[in-house]
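Residue-level listing of the chains:
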Amino acid sequence: MTTSTRIKGFILIGLLPALLLYSFFVIVPIFWSAYYGFFDWKGLGSAKFIGLTNYVEVFNDPIFWTGFKNNMLIVAASVFGQVPIAMILALLLTRASLFQRMIRASIFMPMVLSSVVVGIIWGYIYHPQIGVLNFVLDATGLEMIKKVWLSDPSVSMYAIMVPIIWNYIGPYMIIFIAALQNTSPEINDAASLDGVGPVRKLFQVTLPMIWDTIKVVIVLCISGSLKAFDLIYVMTGGGPAHTTEVLASYMYNSTFNVYRFGYGSAISTAIIILSLILILGSQYLMKRDYR
Amino acid sequence: MEQILTKNKNIPKLQDKKLKWSQGIINIGLTLYALVTLYPLFWLFTSALKTNEEFDSRPFGLPEVWQWENLKRAWDVSAMGTSLINSTIVTIISLVLTLLLGALAAYVLARFQFRFKAFIMGLFLLGMLIPIHSTLVPLFIMMNKVNLLDTYWALILPYTAFELPLAIFVTAAFLIAIPKEIEEAALIDGTGYWGIFFRMMLPLSLPALSTVAILGFLRFWNDFAFALIFISKPALKTVPLSLSVFATGYATDYKLTMAAMTIAVVPTIIVFLMFQEQIMKGMTAGAVKG
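First to last, the sequence lines map onto chains A and B.
Residue 171 in the numbering used here sits at position 171 of the first sequence; the count goes up by one each step and never skips.
Residue 249 in the numbering used here sits at position 249 of the second sequence; the count goes up by one each step and never skips.
Accuracy of the hints is not assured; some may be wrong.
Claimed, not checked - Now the in silico label distances, taken between C-beta atoms and shown as ranges: (1) W153(B) / D40(A): 29 to 39 angstroms; (2) I89(B) / I273(A): 30 to 40 angstroms; (3) W65(A) / V271(B): 34 to 44 angstroms; (4) W68(B) / P185(A): 43 to 53 angstroms.
Simulated from the structure, these hints should not be mistaken for laboratory data.
Predicted model only: the values in this text are computed from it and were never measured.
The beta-carbon is built from N, C-alpha and C at its ideal position, and this holds for glycine as well.
This is chain A alone, in the form it adopts within the complex (with noise of 0.2 angstroms):
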């Protein structure tokens, strides 16, 4: 056997194992997801192609929309609900203490837990008889703001919204704070000796210097917030009324609670390209230069 024979077999062993499972369980779904969308199809039995009608019926459903606003809704909450709370947590938290180890290990702490946990400790505090925030408000003399939470619908998306900003404020911290530590001191010296006041020279001399790591904050934040599923799942179910849909859950109560599969799968081929659109079209935005 030659050498370069002897490396094309190592080259091929070694990758193909990877490549096959993961197109097989990644790649592969994508095109079959695009196809059943065109079949209406209860699961069992035979399935019925029907065209562009699921497609059509996926872009005209005022649900699957409403899933979109609360997916929009939820960036909306991260870009400015999370990424100021986590640069404020970063500008406090650069150095390398145990006190402040610690503080930044307590707020990492929701990352590591299931979201199952999360959005089960979460229901019960926003439960309308033995949740905590009702008998806080019964405490304090608020009664009047009391609310049945989760299953007003007036309410009802903003009340997830806060365990998904407490959730994942995390990551973002230690982004900032990896950033503002590769930042030189010297030139925050230099601003200080110049009588820069402490609020002029964050604006003008720490933000401008990281804002390519907020860039990429905000990418990961429009990303992410298309990945919302567990949560929802657990504390609404998309409910009252479809009103806290996201386009995850409307994807899964459209397949595995009415059983109906083929618009199931439409729904998931408008999710990957809607996100697609989102994701590349953020990143080419954020990567332009204004300045």
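Place chain B on chain A using the hints.
Showing chain B alone in chain A's frame:
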């Protein structure tokens, strides 16, 4: 000039005092924020050890009598033992597969030049952009056809497949930094590529692989969506799936729910406390790459 100098001498002292005060206030604020973040967890642990009456009447206090037997009852009632075994089996096999296949592919992609390499890298990158949930319906249909549903493999294979891109990119980035001369010396000594991979590359990339392993553990152990859709047999349920039963509302024995959840989160909290720096860095790197 003289004036400026003396001024400068005075300012630091004043600033020091001011700094100390403001640092103190900031530390109190940070501590409060951390406590608020940890509070739901604390509430979970204390509620798990209360009676139902106490859970209703004193949601904030510590239990009057610590009801340790709640944990035991929750263990029995929710078949937590079976779920823990299932989660352990699925997590371990997925981890072994992810590490082995991922490291091998990473070594090939980091060290060899061949046709379609860029295409294959792009393919793995694509997997990090696709929301996992959008593949659930087609995967369900595909696995149903080949009778894979309701087996351990229904979880192990997709877990491994979805974790491979991260495993490959983290490990390959690490391997590229290792000098090529080490390998060339081994080749001259007559060691084959398999020997180099198993005896040199695997041990050398241990730091990268341990990051991959920790992230994989958390992802596999906590996964809910795949288990929800691919597993329906009670005997095969993983921990998050058996817990989700409590979310459906008819579970009114709150203390038992809390106790079951306590049992479920303890392993991840222990892993987090042991590897916190690595987990925080790794999850962040994973997020940036994903």
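Here's how the hints hold up against the structure:
1. W153(B) / D40(A): 29 to 39 angstroms: 30 angstroms, holds
2. I89(B) / I273(A): 30 to 40 angstroms: Distance hint for I89(B), I273(A) holds at roughly 36 angstroms.
3. W65(A) / V271(B): 34 to 44 angstroms: 40 angstroms, holds
4. W68(B) / P185(A): 43 to 53 angstroms: Holds, at about 51 angstroms.
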